[in-house]
Structure formats: C-alpha cells, structure tokens
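> Sequence:
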Amino acid sequence: MRMLVVVTADVDVREVAQLQDLTDEHVRVVAPLAQLSHAQWLANDDGDEREAAAERARRVAAAIAPAAERKIGEDDVVLAIEDELREFDADEIWLVMTAESEANWLETGVYGAAIERFDLPIVRIVSHGQGDR
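According to the working numbering, the sequence shown is numbered sequentially starting from -11.
It is possible that some hints are incorrect.
[What the hints assert, rightly or not] Have a look at the derived ranges for each label pair, beta carbon to beta carbon: (1) 36 <-> 64: 28 to 36 Å; (2) 57 <-> 109: 14 to 22 Å; (3) 50 <-> 97: 26 to 34 Å; (4) 92 <-> 11: 26 to 34 Å; (5) 79 <-> 100: 29 to 37 Å; (6) 97 <-> 5: 24 to 32 Å; (7) 101 <-> 76: 17 to 25 Å; (8) 13 <-> 112: 29 to 37 Å; (9) 112 <-> 67: 27 to 35 Å; (10) 2 <-> 111: 15 to 23 Å; (11) 54 <-> 104: 13 to 21 Å.
Everything labelled a hint here was simulated from the structure, so no lab data went into it. The beta carbon of each residue, even a glycine, is placed where N, CA and C say it ideally should be.
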C-alpha cells in the first residue's frame, strides 16, 4: 500500500505511532507550511516554518515508517496534497493534526475540500497532545 501522510501541526508522535506500523509500506510524509503566518508569507520569510515543517515530517516518519520519504509542502494544505499526488500515486491519505487544527480545518472547509477533490480514502488522525520531543 502507498500512503501519503500529511502532518499539519506539531503532534504527539506517540499517539500516531500507536495507530499502525507502516514500516513495510511505501510511505511519503509531507508537512505543509501550514503554520506560516500571513505576514511571513507576504514577506517571503518562511525559513523558520520550513525548519519546523521538516522537523514535523522527520518526527512522524521516524514514528511510523523510518524509511519514508519526507517532503515540505505548500502553505495551502489541499494544494500540498494535490502537488504530492502528481508524483506519488497514493492509495490512501492520512491527515495528521491536533484537535485545534482539526477545528480550524472543519470551520474553514479544508477537510471537506480535500474529500471532494481527491478520490482516495482519507483518514483523519487527531492527536490530543502536542509534540513530544
């Protein structure tokens, strides 16, 4: 199975690791620049968020599939997923988020847009703790 794992926030990787061992699957972990502020975006100042996104991808990949490919995606989560699906033929998408980011996703319609746009199973994984380091 080919899994696209999208990590939008600093989650507790222990919770994610308990879900399923994906070691034997082909996994790509993408961390969109979802925490980029509007001011940072306008100033093209995304260095800190790029580092944070790379760390999110590294931590989640290490927890579920150490050999997973790791990427940084666009600040628009749906666009980041779309970009990855152009070059990675996933069978399933996991959306990994905190409870706070889940509320934002549902409120802004991002989750619904993802379901409508992609003809793939989408699993929403909500971490109730924030990043254990």
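> Each hint should be assessed against the structure and marked as holding or not.
Here's how the hints hold up against the structure:
Under the hint 28 to 36 Å, the C-beta atoms of residue 36 and residue 64, about 19 Å apart, miss the expected range. Checked against the given bound of 14 to 22 Å, the beta carbons of residue 57 and residue 109, roughly 20 Å apart, stay inside it. Taking the beta carbon of each, residue 50 and residue 97 are about 32 Å apart, inside 26 to 34 Å as hinted. With their beta carbons about 31 Å apart, residue 92 and residue 11 fall inside the hinted range of 26 to 34 Å.
Taking 29 to 37 Å as the suggested C-beta distance range, the pair residue 79 and residue 100 does not conform, at roughly 21 Å. At about 30 Å, the CB distance of residue 97 to residue 5 agrees with the hint of 24 to 32 Å. Taken as a hint, the range 17 to 25 Å holds for the pair residue 101 and residue 76, whose Cβ atoms sit roughly 19 Å apart. Taken as a hint, the range 29 to 37 Å is violated for the pair residue 13 and residue 112, whose Cβ atoms sit roughly 19 Å apart.
Hint check: residue 112 to residue 67, Cβ distance near 18 Å, so the stated range 27 to 35 Å is violated. Separated by about 18 Å at the C-beta atoms, residue 2 and residue 111 satisfy the suggested range of 15 to 23 Å. Between residue 54 and residue 104 the beta carbons are some 33 Å apart, a value that contradicts the proposed interval 13 to 21 Å.
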